[in-house]
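The listed protein sequences derive, respectively, from chains A and B.
If you're matching positions, the first sequence starts at -18 in our numbering and goes up one per residue.
If you're matching positions, the second sequence starts at -18 in our numbering and goes up one per residue.
Just so you know, the hints here were simulated from the structure itself, not pulled from any lab data.
The structure presented is a predicted model; accordingly, all values stated were derived computationally and were not measured.
Backbone N, C-alpha and C fix where the C-beta goes; we use that ideal spot for every residue, glycine too.
Misleading hints may appear alongside valid ones.
What the hints assert, rightly or not - Facing chain A, from chain B, some residues (calculated, C-beta under 7 Å):
1) L21
2) E24
3) R77
4) P81
5) G85
6) F89
7) Q93
8) L220
9) Q222
10) S292
11) A294
12) Y297
2 protein chains.
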Amino acid sequence: MKREVYLDNNATTRMADEVYEAMMPCLQKFYGNPSSVHALGREAASRLEKARGQVAQLLDCCSEEIYFTSTASESNNWAIGGVLSTAKKNHVITSRVEHPSVQGPMNFWEKQGFRVTRLGVNEKGLLDLDELEKALSSQTALVSLMYANNETGVLFPIEKIGDLVKKSGALFHVDAVQVVGKIPLSLKNSSIDLLSFSGHKFHGPKGIGGLFLRQDTRLNSMIRGGHQEFGRRAGTEALPQIVGLGAAASLAQRRMLRYAEVGELRDDFERSVLEEIPQSLRVGHEKNRLATTTHLSFAKIEGAVLLHSLSKAGIYVSSGAACSSGSLDPSPTLMAMGLDPEYLSGALRFSLSLDTTKEDMEYAKNHLFALVKKFRLLGEIC
Amino acid sequence: MKREVYLDNNATTRMADEVYEAMMPCLQKFYGNPSSVHALGREAASRLEKARGQVAQLLDCCSEEIYFTSTASESNNWAIGGVLSTAKKNHVITSRVEHPSVQGPMNFWEKQGFRVTRLGVNEKGLLDLDELEKALSSQTALVSLMYANNETGVLFPIEKIGDLVKKSGALFHVDAVQVVGKIPLSLKNSSIDLLSFSGHKFHGPKGIGGLFLRQDTRLNSMIRGGHQEFGRRAGTEALPQIVGLGAAASLAQRRMLRYAEVGELRDDFERSVLEEIPQSLRVGHEKNRLATTTHLSFAKIEGAVLLHSLSKAGIYVSSGAACSSGSLDPSPTLMAMGLDPEYLSGALRFSLSLDTTKEDMEYAKNHLFALVKKFRLLGEIC
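Chain A with its partners taken away, still in its complex shape (with noise of 0.2 Å):
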C-alpha cells in the first residue's frame, strides 16, 4: 500500500476515532429533534447540552455562551454582520491577512457605508500595535482580528489587541479556527467579546462549527425562525455533528500538551529543509507561531506543480489558503507580508497534526528535496 502522509492539517483534520465513537449512536439510534417533547427529542437534548458544556469547557466560559453553527465561516459572517447590523457606530478594523470568510463580510459591510481600516503586517507577519492603536476611535463598533494565520501559523497577541480594543469601547471578535484546540484558551477572563471555531480543524467533524459571544452583547440572527440556540440561531440542531464536536473538545483538552512534540517535528523538518535546499526560506515569524505549521517557498520552483507531484507521491500539502486554492492568484497574506515575488509561486503550507509521525516527516522532506532538485535541473535545462 502507497504510503500517505497528511500535512495539510490547516485545511481540515482526520476526524479522530473518540469523536467517531460519540457521534456513532447520534446517527440511527439517538435520533430525535432536540425540540420534540417526547422521550426521543429529550434525550437528543440532553445530547446537544452535554456538547455545549464540553465546547464551553474547552473555551473556559458559560454554556449560554457557545452558539453552534454550520461552518466558521458562518461564525465569521454572523458575528461581523451581526455587530455591524446593530451597531450606531460606523468604524470597523480588520487586516490585511484575514480569511475570505471575514475579508467578504468587510467589503460587503464597506459597500453598506461603514469605514473599514485594513491593517497591514510586516515581513514576518506581525501587526503594527501602534498602527492599531491609532485607527480606534470612539467611532470603531467592532475590531475582527484573526488569532493565528491560517496560511503561516503567525500568532497575533490577542491579549494585547485586547486591552487596546476595550479601552476604545469597541467590540473585539477574534477568528479562532486555526488555534481552538490546540492552545489553551480562558475566555471568562479575557478581552474576547465573540470568537469563531470548528470542529474540523481539531479532528471534530465536518458541518460544525461555533460562536462564544459573550453574555450581554448584542448581536443580530443570522438565521431567523425556530427557538433554536437560545433563539439565536433557527434550524433543527446538526446533533450527530455537535456531540462529534463536543467529544473532539474534551479530547483537546487532555492531548493538548502533545503539540509540544508536533513542534518539535515541524521544527526538526523546517531546519532541514532550510538548510539543505538553497534559496529556500521560511514564511513569518519563527517563534510567534503555531506548533503546526511552516510555511517555505522555494526560488525558481513552481509550486503548484511541486505540490501535485507531493500528492503523487502521496504527501498531501497545500499552495496556499485552501479556500482560494482553486485559483493560482498569488496568495493575498503572502502579498501583504511583502514576500520576495522571485519567492511567491514557490510557497507551500506543510500543516502537520497530532496524527503526524517522524517517519511522516522523513518521508516528506525526502521526497521534497529530491523534487526541488529535479525541477530546478528541468528549468536549467528547458
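Got chain A sorted already, so can you dock chain B onto it with the hints?
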C-alpha cells in the same frame, strides 16, 4: 424491550441504512477538504459533485442549480433575504401558516420597509387563489409559500400558484421541506425559482439542507468568503452529510411509490380514531394532504399531557410543529385555520414514514384510545 413507535417524522426521520453506509467512508477515510488540490482533496470534491448530481436527479434540475446549506431554515432565510436584498420592488407575499423560518425573515424584511401580504387559509388549511391573484402586482418581488404544511400535511397547489406568480413577474420560492423525497418533483419545467429542502426530513443526515436556485436568478449571498458552492455560500463543505443527502435522494427516488402504502396505514388509523373516539376531528383537508401526516384533535384533552403519556408508552408524536413545541401557545397554523377553540389544546400530529408498520399503528391506536378515555374520565371526576 419496550416497543417504540416513532410517529414524529415531520420533525425528523431516522437515517436510512443506505445513507449511513454512504456517509461512513467520508468520516475518517476520505476526509480531505474538497478545496484542496491534492489527491485526497480531489477525491472529496468528486464525491461532493456526485452527491449534487443525485439531488439534482431527484428534483429533475441541473446540478449547477443545487446549493448545499446547513438546514432548510438557512435555505429559507437565504432565499428570502437573498432575493429581497437585491430587489427593486417592495412587495412580498407569503401565508399565515408558513414555517417559522419563513415567518421570521418576513417579519425582519417587513421592518426593513417591505410590504408583506400574508394570505389566510380556510378551515381545511387551503389557500384562496383569488386572494393570491388580487394580491399580486407589478410591485411583487417574491412569493414564498410552502409545498406541504409541516403541521397538517396540507398541500398547496404549487403548479397553479406558480402560473399566477409567473404572470405577475415575481420570483417564486417554495419551502418544500416536507415534500422533497416524498412526492415526485420536476423543477426543470416548473415555475419555481427557488426551493428549500432538508436531508433529515427524508431519512438523510441532520445538518444538511439545500436550495434549488434556477439558473440566472439574482440572489445575494448570505455567507460570504470562499469560492464554495459556486461562490455563493462560503465555508468548508460538510462532505459526509452532503454524501448522505445524495444517498437519501437516490434512495427516495427508488422508494417513492411506497408512500401510497404509508397513506393507507395513515387512512386506516385516522378512520378508526375518528370512529372510535367521540369528539375527535381531523385538522386539515382530507385529500389534499401528504400521505405521511394526520393531525387529529380531541375535545376536553390537554394535548401536552396526552403526548407525555404516549411517550411513556414509547409512542412519539408531536403537539404542533416541533420547532415551537417548547412553547405552550396554541399553534399559529391551527389559529389561522380557525380551529374551534375547544379543539385547540387537544391537537396531536402523527407523522409516519416508510419505516412505519401496521403493527406500529395498531399499538399507537390502542394506547391512544385507552389514554383519551382515561383522561376524559379523570376530567369528569376532578
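Hint check results:
Here the hint on L21/B is kept, as its CB sits about 5 Å from the closest CB of chain A, short of 7 Å. Interface hint status for E24/B: violated, as the beta-carbon distance to the closest one in chain A is roughly 11 Å, over 7 Å. Below 7 Å, beta-carbon pairs count as interface contacts, and R77/B has none with chain A, the closest being about 15 Å; its hint is therefore violated. A distance limit of 7 Å between C-beta atoms decides the matter here; for P81/B the minimum to chain A is near 4 Å, and the interface restraint holds.
Among the interface hints, the one on G85/B holds; its C-beta lies about 3 Å from the nearest C-beta in chain A, closer than the 7 Å criterion. Residue-level restraint check for F89/B holds (minimum Cβ-Cβ distance to chain A is 6 Å; threshold 7 Å). The criterion of a C-beta within 7 Å of any C-beta in chain A is not met by Q93/B, whose closest approach is roughly 10 Å, and the hint is violated. Contact between L220/B and chain A, as hinted, is supported at the beta carbon level, the nearest pair being about 6 Å apart and thus within 7 Å.
The interface hint given for Q222/B is met, as the beta carbon of that residue sits about 5 Å from the closest beta carbon of chain A, less than 7 Å. A distance limit of 7 Å between C-beta atoms decides the matter here; for S292/B the minimum to chain A is near 4 Å, and the interface restraint holds. The restraint placing A294/B at the interface with chain A is violated, with a minimum CB-CB distance near 10 Å, outside the 7 Å limit. Because the smallest distance between the Cβ of Y297/B and any Cβ of chain A comes to about 4 Å, under 7 Å, the interface hint for this residue holds.
The structure does not agree with the numbered hints 2, 3, 7, 11 stated previously, though it agrees with the rest.
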